[in-house]
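A.B. asks: Let chain A serve as the given structure and place chain B on it in line with the hints.
Going line by line, the protein sequences match chains A and B.
Once you know that position 147 of the first sequence is 147 in the numbering used here, the rest is easy, because the numbers rise by one and skip nothing.
Once you know that position 104 of the second sequence is 104 in the numbering used here, the rest is easy, because the numbers rise by one and skip nothing.
Warning: the hint list may mix true and false statements.
[As the list claims (entries may be wrong)] DSS-like, lysine-lysine: derived pairs with alpha carbons at most 30 Å apart:
#1 165/A to 70/A
#2 66/A to 248/A
#3 94/B to 97/A
#4 94/B to 70/A
#5 294/A to 66/A
#6 312/A to 526/A
#7 478/A to 69/B
#8 191/A to 275/A
#9 69/B to 37/A
#10 97/A to 21/B
#11 31/B to 97/A
#12 37/A to 43/B
#13 248/A to 294/A
#14 37/A to 97/A
#15 31/B to 551/A
#16 443/A to 94/B
#17 21/B to 69/B
#18 265/A to 275/A
#19 77/A to 94/B
[Stated by the list, open to error] For each label pair, taking beta carbons as the anchor points, the in silico distance ranges come out as:
#20 315/A to 20/B: 57 to 63 Å
#21 38/B to 257/A: 20 to 26 Å
#22 210/A to 22/B: 47 to 53 Å
#23 71/B to 315/A: 49 to 55 Å
#24 434/A to 71/B: 42 to 48 Å
#25 70/B to 446/A: 51 to 57 Å
#26 522/A to 71/B: 26 to 32 Å
#27 69/B to 11/A: 55 to 61 Å
#28 247/A to 71/B: 37 to 43 Å
#29 508/A to 22/B: 41 to 47 Å
#30 46/B to 551/A: 50 to 56 Å
#31 247/A to 69/B: 54 to 60 Å
#32 522/A to 67/B: 40 to 46 Å
#33 450/A to 20/B: 50 to 56 Å
Keep in mind the hints are simulated off the structure, nothing from the lab.
Note that beta-carbon positions come from the ideal geometry of N, C-alpha and C, so glycine has one too.
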Amino acid sequence: MYRYDQFDQRVVDERVEQFRDQVERRMRGEITEAEFKPLRLMNGLYLQLHAYMLRIGIPYGMLSSKQLRKLAHISRKYDRGYGHFTTRQCLQLNWPKLEETPDLLAELAEVEMHAIQTSGNSIRNVTADQYGGVTADEIEDSRIYAEIIRQWSTLHPEFSFLPRKFKIAVTASTIDRTAVKFHDIGIILAKNEDGETGFEILVGGGMGRTPMIGQTIRKFLPKQHLLSYMEAIFRIYNLMGRRDNIYKARIKILVYELGIDELQKLVEDEWNEIKDGPLGLPAAEIARIEEYFKPPAYEVIEPDAQTLAVHKFESPDFAHWSKVNVVAHKQPGYAIVNLSLKPTGRPTGDVTADQMDAIADLADQYSLGELRTTHDQNLVFADVKEGDLFELWRDLDGLDLATPNLKLIGDVICCPGLDYCALANARSIPVSQRITRRFADLKRQFDIGELRLKISGCINACGHHHAGNIGILGVDRKGEEYYQITLGGSGDENAAIGDVVGPAFSSEDVVDAVEAIVETYIEKRKPGEIFLETYRRIGQEPFKTRLYPEKTDAAA
Amino acid sequence: MALQIFTSNRVSDGIVVFQAKDGSWTESLDKSYVIRDEDALAKATLRAEAADVAAVVIDPYPIDVTEDKGVIRPVRYRERIRAYGPTIHPDFAKMPALGHFLSGD
Chain A
1 MYRYDQFDQR
11 VVDERVEQFR
21 DQVERRMRGE
31 ITEAEFKPLR
41 LMNGLYLQLH
51 AYMLRIGIPY
61 GMLSSKQLRK
71 LAHISRKYDR
81 GYGHFTTRQC
91 LQLNWPKLEE
101 TPDLLAELAE
111 VEMHAIQTSG
121 NSIRNVTADQ
131 YGGVTADEIE
141 DSRIYAEIIR
151 QWSTLHPEFS
161 FLPRKFKIAV
171 TASTIDRTAV
181 KFHDIGIILA
191 KNEDGETGFE
201 ILVGGGMGRT
211 PMIGQTIRKF
221 LPKQHLLSYM
231 EAIFRIYNLM
241 GRRDNIYKAR
251 IKILVYELGI
261 DELQKLVEDE
271 WNEIKDGPLG
281 LPAAEIARIE
291 EYFKPPAYEV
301 IEPDAQTLAV
311 HKFESPDFAH
321 WSKVNVVAHK
331 QPGYAIVNLS
341 LKPTGRPTGD
351 VTADQMDAIA
361 DLADQYSLGE
371 LRTTHDQNLV
381 FADVKEGDLF
391 ELWRDLDGLD
401 LATPNLKLIG
411 DVICCPGLDY
421 CALANARSIP
431 VSQRITRRFA
441 DLKRQFDIGE
451 LRLKISGCIN
461 ACGHHHAGNI
471 GILGVDRKGE
481 EYYQITLGGS
491 GDENAAIGDV
501 VGPAFSSEDV
511 VDAVEAIVET
521 YIEKRKPGEI
531 FLETYRRIGQ
541 EPFKTRLYPE
551 KTDAAA
Chain B
1 MALQIFTSNR
11 VSDGIVVFQA
21 KDGSWTESLD
31 KSYVIRDEDA
41 LAKATLRAEA
51 ADVAAVVIDP
61 YPIDVTEDKG
71 VIRPVRYRER
81 IRAYGPTIHP
91 DFAKMPALGH
101 FLSGD
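Next up, chain A with everything else stripped away, as it sits in the complex (with noise of 0.2 Å):
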């Protein structure tokens, strides 16, 4: 993965020193709340309802074993003992002092981490696919081109102060785990009729209370153009982006106000300025990146499918597991394991300073020392022997993170909601934990099959709720907690927005709800059919019926 070189930490190491300046004088009362907020949200600090929140950044989930410890020593030390994992693969922490915040960050940055950009009107963490380097679905590992992203973007002068946040998550496989096209900027390698490995550029998607789904601005971007084309869309966006109303400042409304094809004239036109300026990715930067990104000595290990097949036989559980967590390796003889960190009934992505470590030394002895995070806020072990899956399997089991739920319906994505968020309107977590619990049957899970849950607390969508084949949106109705069911969105590749089904469920209801959707699908479903198919194929109203039936009876 890649280190810091001097440039990095001098950034990072200073950036500490100058907040640290910035508390104090915060806690002597020399600059007031309003002054302090832009310059602390510059540093991923947010207030919360309980508390201060920091956000860590993970670049495109890249963690060593090394600083996962120091993330679980850090909540301890600073925090409760935990640290919630979010939909941008970053880490929260939910209850640090702002006295204390310097040095944590400090400690934070001798592990060549920080939280510069996790929050504040920036660029913000740069997400790409968790299976970067391992897949063989992939043209080449997209986290090249999450970092040269990252180095750009970091502390840019131009595009410190956009109108709104920005978001760009970078994949280079024909599945999509990225959610690319919910991004303001999606960039996808892609190959041209020459067989040349560039970039398709989507621009303007998003979630929040106006979800789009990204529109291609350009079908195909040489590799040596991604920076100065990244930097005109960016200058067209800093221009003419509004400011007038945060509810309308994102890239994905300019999309809309001015067309693809006029924003795409504005973007060329800055861009043939600028595209053989300074900007250029020689090739030579390129390979000085992907180095730090090579494939790792891999064993050459003869195939052993006897013993795992053993294993599975003697094991269902073990059996189950694999089939549902583990996922191919490009490399023979290795696999990649997908830790579930959706135990049944458990807040989603939450993990104790204990499991952190325990996570980290797994790393050690089982995946060369790396993990993943991932946004749909699992973590991913990219790098595993098949031999040692059986081993790895008793130990995450023991763990409490072997639940064989990922894609399924106890795979929920939520975000915190008003347990914790000052934003949210209802809460999301304990919706979540019914839900799973009434699934908790891994049986009929697996019976249900794919199945991707989402939960937002309000309507800036933190929880996806718009790319949830079900998903679930928390409102206040007269001091009540109510929540709208949306159907058919999809995070994939094939990235769709979910409809509004029909009225709002009071909390008491909602999980009858969910249940009857599933039952319906049930009923409906053709052999081999995920729940998206049959809803492609079927469309509202069956479902609708089955909510509503006073509803459907007065109609007819």
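C.D. replies: This is chain B only, laid out in the frame that chain A set:
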């Protein structure tokens, strides 16, 4: 007027606090000063603004509460979560609050 108390988050650690009778800030909801009339509200507001300027608390604001046999309870759900703690963490409970915390699994 509805009964009110002043609440805020403390600058040093962000923790939820309530204005006490002597104008100081307490983490205990049951030690908060209940405002019962306009004069008391004006006085409490001045004290809260002073604490804001002195960087003791952040943007303090009054909330509606009920009082039953000396037990103060915020009216809005959001404020009850602030006062008692996240409903998913009985282990972080700041005070007994019947029915507030969800049972674990």
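A.B. asks: Would you mind marking each hint as holding or not holding in the structure?
C.D. replies: For each hint, the structure was consulted:
1. 165/A to 70/A: The hint holds at about 28 Å.
2. 66/A to 248/A: Not satisfied, since the Cα-Cα distance of roughly 41 Å exceeds 30 Å.
3. 94/B to 97/A: 17 Å, holds
4. 94/B to 70/A: Roughly 29 Å between the alpha carbons, so the hint for residue 94/B and residue 70/A holds.
5. 294/A to 66/A: Since the Cα atoms of residue 294/A and residue 66/A sit roughly 20 Å apart, the hinted pair holds (cutoff 30 Å).
6. 312/A to 526/A: 29 Å, holds
7. 478/A to 69/B: It holds: about 27 Å lies between the C-alpha atoms, which stays within 30 Å.
8. 191/A to 275/A: With Cα atoms ~20 Å apart, residue 191/A and residue 275/A stay inside 30 Å; holds.
9. 69/B to 37/A: 40 Å, violated
10. 97/A to 21/B: 26 Å, holds
11. 31/B to 97/A: 23 Å, holds
12. 37/A to 43/B: Cα-Cα ~28 Å, so holds.
13. 248/A to 294/A: 41 Å, violated
14. 37/A to 97/A: Since the Cα atoms of residue 37/A and residue 97/A sit roughly 15 Å apart, the hinted pair holds (cutoff 30 Å).
15. 31/B to 551/A: 50 Å, violated
16. 443/A to 94/B: Since the Cα atoms of residue 443/A and residue 94/B sit roughly 39 Å apart, the hinted pair is violated (cutoff 30 Å).
17. 21/B to 69/B: 18 Å, holds
18. 265/A to 275/A: 15 Å, holds
19. 77/A to 94/B: 21 Å, holds
20. 315/A to 20/B: 57 to 63 Å: 59 Å, holds
21. 38/B to 257/A: 20 to 26 Å: Given a distance of about 48 Å, which is not inside 20 to 26 Å, the answer is violated.
22. 210/A to 22/B: 47 to 53 Å: 48 Å, holds
23. 71/B to 315/A: 49 to 55 Å: 53 Å, holds
24. 434/A to 71/B: 42 to 48 Å: 29 Å, violated
25. 70/B to 446/A: 51 to 57 Å: Holds, at about 54 Å.
26. 522/A to 71/B: 26 to 32 Å: Since residue 522/A and residue 71/B have Cβ atoms about 48 Å apart, the given range 26 to 32 Å is violated.
27. 69/B to 11/A: 55 to 61 Å: Taking Cβ atoms as reference, residue 69/B and residue 11/A lie about 58 Å apart, which means the hint holds.
28. 247/A to 71/B: 37 to 43 Å: Roughly 40 Å apart at Cβ, these two residues keep to the hinted range, so it holds.
29. 508/A to 22/B: 41 to 47 Å: The hinted range 41 to 47 Å holds for residue 508/A and residue 22/B, with Cβ atoms some 43 Å apart.
30. 46/B to 551/A: 50 to 56 Å: 54 Å, holds
31. 247/A to 69/B: 54 to 60 Å: 45 Å, violated
32. 522/A to 67/B: 40 to 46 Å: 51 Å, violated
33. 450/A to 20/B: 50 to 56 Å: The hinted range 50 to 56 Å holds for residue 450/A and residue 20/B, with Cβ atoms some 54 Å apart.
In this structure, the hints that do not hold are numbers 2, 9, 13, 15, 16, 21, 24, 26, 31 and 32, in rising order.
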